[in-house]
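There are 2 protein chains.
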Amino acid sequence: MNRVGIIGSGQLGWMMILESKPLGIEFNVFDLEPGPAATLADRFFTTGSENEFVRTSDAVTYEFEHVSDRAIDLAEKERKLFPNSLAINLKKERYREKEFLRNNGFPIADFVVAKTLEDARKKTEMFEKSVVKSSSGGYDGKGQEYVDGPRRDQLRMITDTYVIEEYIDYDFEASIIMARDRNGGKTFFDPSLNVNHSGMLLYNSSPLDDYGMRDIAAKLSDALDYVGVLSVEFFIKDGKPIINEFAPRVHNSGHHTLLGSSISQFEQHIRVVTGMPPMRPRLFCPSGIVNIVGRDLDYKTKEKLLEIDGSRIYWYGKQVRRRRKVGHVNLIGDDRSDLDAKIETAKKILYGDHMADFF
Amino acid sequence: MNRVGIIGSGQLGWMMILESKPLGIEFNVFDLEPGPAATLADRFFTTGSENEFVRTSDAVTYEFEHVSDRAIDLAEKERKLFPNSLAINLKKERYREKEFLRNNGFPIADFVVAKTLEDARKKTEMFEKSVVKSSSGGYDGKGQEYVDGPRRDQLRMITDTYVIEEYIDYDFEASIIMARDRNGGKTFFDPSLNVNHSGMLLYNSSPLDDYGMRDIAAKLSDALDYVGVLSVEFFIKDGKPIINEFAPRVHNSGHHTLLGSSISQFEQHIRVVTGMPPMRPRLFCPSGIVNIVGRDLDYKTKEKLLEIDGSRIYWYGKQVRRRRKVGHVNLIGDDRSDLDAKIETAKKILYGDHMADFF
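Heads up: the protein sequence lines correspond to chains U and A, in order.
Letter by letter, the first sequence follows residues 275 to 633 of the numbering used here.
Letter by letter, the second sequence follows residues 275 to 633 of the numbering used here.
Don't read these hints as lab results, they were simulated from the structure.
Take every hint as true, because none was put in to throw you off.
Same chains, same label: a pair holds when it works inside one copy or across any pair of copies.
In silico DSS-like links for lysine-lysine, alpha-carbon gap of 30 angstroms or less:
| id | residue 1 | residue 2 |
| --- | --- | --- |
| 1 | Lys-574 | Lys-351 |
| 2 | Lys-574 | Lys-354 |
| 3 | Lys-460 | Lys-511 |
| 4 | Lys-574 | Lys-460 |
Use the sequences and the hints to build the structure in full.
Have a look at this one:
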């Protein structure tokens, strides 16, 4: 188990390599175009070399689940794919994910499916307020519209399949990152409180009370017969967790594990997908991140961010575009209010009062 | 300050890159032959391309101080070298380092210098027991001999310049890792207790009482007008610190900062040599390492090491040779005795009862 193949070459793969290279692993990276992870890969593969990619990898995992069906299929056929493709297939169509969760008794928002705009508009009347999402594609707030029941004509999105979800007037958003190993053993990172802006994660912080998230994530990982790091996002309403969605991989809301933790989600993932023992994660102190979205980092800004006592910068080396995550700042605090203050400081340094220029 | 040049391509440079790549830095690496750090470098340079190496680097540092005088000289001429060459020049000849320390009033073992074997033998009579070292070269216990005063004829080493030091019957060895920035600002990691086997570091653990080491290291860094991470090794005798030697760079006895710390010595070094703000290091829990020397790591051994709760492996990817450091295991403990027990377990897994086969 010396060579791991990663499908996708974005920042998640880049951090997987940075964090687990010390384990003595070589990395194959597969993508349509080389991204950040390609710069650290021992070998980069692209379309046409799926066979070679899988053949030369002892285990195959992915940092983004929608890159190459062919590479996924080949890896699964060779019994090298971790996590398996069930999670990927569920994630291809949001209605499948939702049906799977409902059929397995997990708490989710009520939903219906529609195939035409007309039908979707009609079905929004079932709920006082609804969120209509394109069943496939769409992330970071793209491909979704909010609809008040009485004003259903406002829905304009054109897509193949609509998922009309009851809008949850939640108190806050949270997530939990866990790892399930090949023997079904489970390790959990502390949950985090996530704050979005314009559909994208702006910042988060950990720890957070459990609210039952750990149990739900554990059961979900069993239901998926999952091997790897699994991320589950929740709405918390009146102290109860409702699954928003899961991600079959490391996740932006787990980046805080890179500072103030005994192990990061990235190394934990690579450990379990290669069959190596995971570490029981310890969170040493309150820890959080602020995402860097849609802006470059000049030297002066970097300096200001690093002057915050207990900060690290992750700059992914990607081209900057509005609404694109190009890095994040890790922050630790002596206590919760210290961390909160540092998050505010970092936000101010990055965006001032002009958030809308970047997100 | 986007491109840093590292002279030397060993594991220290490799860990510098792994740890500080997230800061958005590109790395030039210079060495006579490509080592581990070359596999992560953005560009590798070798003999003949010293000019280009320095020209394309915004700051130049070194992970090993004896690789290329030419690259060091060029970088210093361009005012890009951090730390400056004073420390390097002192380290070229052990007697210069000792004289510098003595002239500046630092606590060291008494010593004399000799140019011939005959003179060296005679001078060993000055001390009840002495350690005779070759003034240049020599590390990890190479190039040194122990001599009892009355048996001075036992000295056999042939070298250019001999440093005859009074043997200190110390209680234990310790070291401190600190960083000095361009404004003279200082940050300190917790000191560690170091245990050697056959002249090489076998394991160490942190924290340790200070014994005045912090003050001495701070003064030494000022005396050297130092910028970067400085490592100072001590003998502790009757509660008093005596400098054994310093290393003008990150150091094996600082590898414990890779687990259970808010920042590693490697990132701290890159931050200060690029003029970026250092982090105040926090040691979250007792932390230590066991060196992997002279042996390969099969999958089963890796698994056993990672089954120790709170361990990480750093495998440098070097060819294995007897008495060669090829990796280390990081360990954290809930308390000191928990850590000590884990260190024992790791030592047993790695060496069993056959230490001499590896060291």
